[in-house]
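Those sequence lines, one after another, are chains E and Z.
FYI, in full-length UniProt numbering the residues of the first sequence are 1 to 253.
FYI, in full-length UniProt numbering the residues of the second sequence are 1 to 253.
One should not assume that every hint holds.
[What the hints assert, rightly or not] Derived pair list, reagent style DSS-like, types lysine-lysine, alpha-carbon separation capped at 25 Å:
hint, chain 1, residue 1, chain 2, residue 2
1, Z, K132, E, K74
2, Z, K74, E, K208
3, Z, K74, E, K37
4, E, K132, Z, K74
5, E, K74, Z, K208
[What the hints assert, rightly or not] Footprint (simulated), chain Z over chain E, 3 or more residues, beta carbon under 8 Å:
hint, segment
6, 114-127
7, 139-148
8, 157-164
Hint data in this document are derived by calculation from the structure and do not stem from the laboratory.
Just so you know, even glycine gets a beta-carbon here, dropped at the ideal spot from N, CA and C.
Number of protein chains: 2
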Amino acid sequence: MRRLKLTIAYDGADFAGFQSQQNQRTIQGELEKALKKVTGETIIVYGAGRTDAGVHARGQVVHLTTNTRIPTEKWVWVFNHMLPRDLAVIHAEEVSDGFHARYDACWKRYRYEIDTHAIPDVFTGRYRTRIKGELNQLVMREAAQHLLGTHDFTALSSAKSAIKNRVRTLYQCDVESMTAGISITTAGNGFLYNMVRIIAGLLVQVGKGSLLPEQVPEIIASRDRGRIGKTLPPEGLTLMEVSYQPWEKSLHP
Amino acid sequence: MRRLKLTIAYDGADFAGFQSQQNQRTIQGELEKALKKVTGETIIVYGAGRTDAGVHARGQVVHLTTNTRIPTEKWVWVFNHMLPRDLAVIHAEEVSDGFHARYDACWKRYRYEIDTHAIPDVFTGRYRTRIKGELNQLVMREAAQHLLGTHDFTALSSAKSAIKNRVRTLYQCDVESMTAGISITTAGNGFLYNMVRIIAGLLVQVGKGSLLPEQVPEIIASRDRGRIGKTLPPEGLTLMEVSYQPWEKSLHP
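Kindly generate the complete structure, drawing on both the sequences and the hints.
Structure, rendered in structure tokens:
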């Protein structure tokens, strides 16, 4: 038995999310189907995080256990032959038996892309959320600074979530210009349900002037999800990286 | 009555081509549906070219006639509100009654993109064709030079086409490197059915060494479609521009 760690990328637009669901096209489902074809085995895939329907990934990580003798260096090539165009393995390595893609992750990085251009771009429309009107990036950056550090993020996570411990640490929250839009890049030791999309929504409210950056600490402290606007849609969100090394500030200036 | 000229862009992956077909999602069908919503009129849209299923456009041109009083400068904004994410109007202008998107076109430019990277890119997979193995760009460029000028392009068009006059003039045929692949950009006064995809296939054969550049003139002269390999798939192809001004070499060095 060998344990493999795969780094995968997907265009999430045509998937009903990561997790297997009956009669739905999911990342886990397509991976397990391809694994069956390649190895003949019924293999369960464990992901670092269950991305929602419509959310993309450039660096999702999964692990699996297999008896196959296919050499690790051929794995990417062999496996990609069995995968659809919108799902690909970009790296494969053998790891120790105890490795777990989800429980061993130290931090994750997400990116939320917003298209602010007056004319829609049909070639990035699957990967960005369109927001009309000007966004003031200076105040968005100021608000983002208030999110950094360790907080109870109840006010910035889905009210539907049943999880108890909502304390998480945010290491990074950058607002940057890109062609025809802006991106929000955030890294943390864990993210609650819908948290990145709610953070993006909060920053957009600030960018539009309907919230002030200095209101952010008080909103966090309220632990009240009702204090800010709606969750932004999934299409702008991409899981960029899952890391199994502790965050070092020196490496991410 | 006003005649409008619209420049449109689309991600062709989820369309059954430009031309209206019953029970199929087409560019023409979606445009006419949106026009009905905006104007209340039943309007027929005439395209400069009927792109196939899966083919994209960054600069397709259509014309239409309408009684609507919506000012031309608002047209892009109003119309895009009614269009799906993969279809957009990027420019609108009022033209003279006699203007015809197809018959008045002087030249068109297409681009065919090929992904040669070992690992598939899920975010460009809808817009590029994957070709395995090395492609020698030097010989591809040499072969492309032989295609320029005025020829009977029967050998490089679909055998299914019933058209009589197959003489066309190619003004441009450039082979260029791009990130993780190569692109073929070609402009001409007209293109026969499947002609760009067959030209791309010919150049790939040359790039792989199964044809020599100096064989190209003789292949064209044969007027025999059977002389070269298969038509490359539609996903790599994009209609970049339709021009209503004569080609001037000085403007396209």
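Here is how each hint holds up against the structure:
1. K132/Z with K74/E: holds (16 Å)
2. K74/Z with K208/E: This hinted pair holds, its Cα atoms lying about 24 Å apart.
3. K74/Z with K37/E: The given pair, whose Cα atoms are some 53 Å apart, is violated under the 25 Å limit.
4. K132/E with K74/Z: holds (16 Å)
5. K74/E with K208/Z: holds (24 Å)
6. 114-127: Since 9 is at least three, the answer is holds.
7. 139-148: violated (count 0)
8. 157-164: Since 0 is below three, the answer is violated.
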